[in-house]
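Each protein sequence line maps, in turn, to chains A and B.
With the first sequence counted from 1, adding 129 to any position gets you this note's numbering.
With the second sequence counted from 1, adding 129 to any position gets you this note's numbering.
Keep in mind that a hint or two might mislead.
Since the list gives no way to pick out one identical chain from another, each pair is judged satisfied if it fits inside one copy or across any two copies.
[Unchecked claim] With a cut-off of at most 20 Å between alpha-carbon atoms, the simulated PhoX-like pairs for lysine-lysine come out as follows:
no. : residue 1 : residue 2
1   : K405      : K375
2   : K399      : K277
3   : K417      : K492
4   : K504      : K272
5   : K463      : K492
6   : K463      : K423
7   : K365      : K302
8   : K146      : K423
9   : K278      : K528
10  : K217      : K327
Simulated from the structure, these hints should not be mistaken for laboratory data.
All of these numbers come straight from a predicted model, not from anything done at the bench.
There are 2 protein chains.
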Amino acid sequence: MKSFFNVISLSNALKYKDLFKPVENESIEFSKSCNAVLAQDVISDIDIPDFDRSTMDGYALCAESTFGASNSNPAYINIAGSVTMGEKPDFKITTGNAAEIPTGGMLPSGANSVVMVEHTEIVDSTMIEVYKSAAPQENVIKKGEDFKKKEVLLKKGGKLKTQDIGVLAALGKTHIMVYKKPVVGIISTGDEIISPDKQPVSGQIRDINTHTLSSMINQAGGISIQAGIVKDDFNKLYRICEKTLKNCDMLIISGGSSVGTRDYTTDVLKKLSDSKIIFQGISISPGKPTILAKADNKPIWGLPGHVASAMIVFKIVVNPFLSQLQGVIENTNKWPEVTAILTRNISSAHGRTDFIRVKLSRKNNMIAAEPVLGKSGLINTITRGNGLIKIDENTEGLKKGSEVQIIPF
Amino acid sequence: MKSFFNVISLSNALKYKDLFKPVENESIEFSKSCNAVLAQDVISDIDIPDFDRSTMDGYALCAESTFGASNSNPAYINIAGSVTMGEKPDFKITTGNAAEIPTGGMLPSGANSVVMVEHTEIVDSTMIEVYKSAAPQENVIKKGEDFKKKEVLLKKGGKLKTQDIGVLAALGKTHIMVYKKPVVGIISTGDEIISPDKQPVSGQIRDINTHTLSSMINQAGGISIQAGIVKDDFNKLYRICEKTLKNCDMLIISGGSSVGTRDYTTDVLKKLSDSKIIFQGISISPGKPTILAKADNKPIWGLPGHVASAMIVFKIVVNPFLSQLQGVIENTNKWPEVTAILTRNISSAHGRTDFIRVKLSRKNNMIAAEPVLGKSGLINTITRGNGLIKIDENTEGLKKGSEVQIIPF
Chain A
130 MKSFFNVISL
140 SNALKYKDLF
150 KPVENESIEF
160 SKSCNAVLAQ
170 DVISDIDIPD
180 FDRSTMDGYA
190 LCAESTFGAS
200 NSNPAYINIA
210 GSVTMGEKPD
220 FKITTGNAAE
230 IPTGGMLPSG
240 ANSVVMVEHT
250 EIVDSTMIEV
260 YKSAAPQENV
270 IKKGEDFKKK
280 EVLLKKGGKL
290 KTQDIGVLAA
300 LGKTHIMVYK
310 KPVVGIISTG
320 DEIISPDKQP
330 VSGQIRDINT
340 HTLSSMINQA
350 GGISIQAGIV
360 KDDFNKLYRI
370 CEKTLKNCDM
380 LIISGGSSVG
390 TRDYTTDVLK
400 KLSDSKIIFQ
410 GISISPGKPT
420 ILAKADNKPI
430 WGLPGHVASA
440 MIVFKIVVNP
450 FLSQLQGVIE
460 NTNKWPEVTA
470 ILTRNISSAH
480 GRTDFIRVKL
490 SRKNNMIAAE
500 PVLGKSGLIN
510 TITRGNGLIK
520 IDENTEGLKK
530 GSEVQIIPF
Chain B
130 MKSFFNVISL
140 SNALKYKDLF
150 KPVENESIEF
160 SKSCNAVLAQ
170 DVISDIDIPD
180 FDRSTMDGYA
190 LCAESTFGAS
200 NSNPAYINIA
210 GSVTMGEKPD
220 FKITTGNAAE
230 IPTGGMLPSG
240 ANSVVMVEHT
250 EIVDSTMIEV
260 YKSAAPQENV
270 IKKGEDFKKK
280 EVLLKKGGKL
290 KTQDIGVLAA
300 LGKTHIMVYK
310 KPVVGIISTG
320 DEIISPDKQP
330 VSGQIRDINT
340 HTLSSMINQA
350 GGISIQAGIV
360 KDDFNKLYRI
370 CEKTLKNCDM
380 LIISGGSSVG
390 TRDYTTDVLK
400 KLSDSKIIFQ
410 GISISPGKPT
420 ILAKADNKPI
430 WGLPGHVASA
440 MIVFKIVVNP
450 FLSQLQGVIE
460 NTNKWPEVTA
470 ILTRNISSAH
480 GRTDFIRVKL
490 SRKNNMIAAE
500 PVLGKSGLIN
510 TITRGNGLIK
520 IDENTEGLKK
530 GSEVQIIPF
């Protein structure tokens, strides 16, 4: 039995992600780039808008022409033309003149303000009355006010959101360089594991980890390859690892949690060409027997076999490494940490970071976090909760009523 | 100019979703079902686990054999066999006997408890010493303890999460009935709008709404069809609406926000066969000029042309209708509402529901919501924030320091 006494802390485990480099770039169509990670800064090569634009239906004019205008003392303004959407006006506005303009229309040369149609009245086809003083720039978006030419609008390493797709459309960046989606192989091991399409006989259980891990990889922006189920046999596991590793950027072996399987996994990882065991065991619960190795400059994981443990380790430990392969640079504008109030005491060991499944619900002015209790190895604990809380390694348990950071799960 | 005086409240607008029926069902592979909506209850046809299972490496025995055992007074137990992973033991355990068992192994008939290997010592190949009393069911997951036969595990109308994929794998439900992804057509209108791959000349702007709405539809689990850009021309808009509607379950016309375009859209909607205008105008800001019509029993939207307004109306108003088409039944186990503290006073009109873009950040023990200021029609306000707050129609403005519900954006 291999020892897991020399476990490392979670924070030290996560530092090893810097051992690995992002995957290659590719050019993709912007409209398919949601959740892709930018491999370049996106710089505006135009002013947006590219012209002074009206934000209202009304009349474009020189604000000075209306100074002092009021209900009792309207300004009389000559109509010099009409602005057509999507076209550059072929006339100028001077003091005392105005042009009809629709929302989004381009201000004619000479105009610096738009008075809303609600504050005007038509006298005849050549003249309007204006009942309100307009300020310069009122109801106008200035050229370059939205985005300036040469401004860096989206940064390398950012995961593109819907809003960013909008920015790319505005800039006409129809193709952009992004990091390829990292390919992650998954191998499930264990003599007792069978494929979900098979009928278990006594002592067998269906393979869950391949499918939950696959779903988490795809959700995180990777591409999962399901390499199948391998019996607890050194040679078989070695061969499938070697083969799968060729076609992927990261490999996950979801181990049987029994001692024997754990040993096979470590031995196989050691035998892979150019391999090195980075750590064996992290001081977290669940997930202590997690192994990280490196071969061919790719991360290879041995994850615990328990379904909930494998999911939690993926979320907390593996995912940051996947982000590293994706080229993600941490966004400063992300959704903030959310906290909740713990509804009962929880024990935890000093020196170990614990992740507890919780059911979150709104209780008046706070969010309550109710720990989901259940034996290790039960699957149903993953469906009964909707969050995780983290108990720091320097904390020995938490009292009911403590404020805890919550993590969607 | 059509009047928007008879606007309806947001809550009344949302009630109209019941006018529309979910789309058809289809059978899909469970491994591709993440975010799909179940069109059937999923009922367990087996006990999980299907056998009493050990949660530890150790010895399976009758707990009674160890009662009274301690460090100074070990119990001496005969080894009657060894459990192999994935196989049914072909021997029985009686009082005074035990069998080696790995984590996940099937308990032999007669055994009701597992003593951890750490609490035993091997005497010779036929006998162990046990240093601790084992309780019945200790370190054992009972048959059916995880999921019971005939139990409803996943409900019709639920959007499948990674955890649910795990449940489907465990049950061997390799194909499941889900609602098809609703197909949503998008038409962008406006004489000034050009495709992002074109170079704008003065007065023109690139089409953003097609792409931001498309991204939001796909993120929400629909399939977007980009029907293109249409000039402000009644006949052209009518023909493309009629054609697109044939191939989709919902249609969105992102209108120019100018008066002219708005009129065309309403007139076209009225002329579609079997059509009815449901409402014209909602008392929300932004998004007041939102139109809902129904034709061929499908919802058809006229959305404002401003990029930020169209996105907010999609998120707040259109999305619940899309969920209705998807067959979603509201989940009681969803992530709770999160609140933040407003960092400055905000005005709002009584009788109108306002959605304000905010930048959220963690400040000590609370989340601060800083309103993102900027003129209506600016695109950059959508990228500067990371959330929305809602100001209720019965509230006239909010003071700095108020607690507000936040919505990811």
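- Item | Structure versus earlier hints - violations, ascending order | 2, 3, 6, 7 and 9
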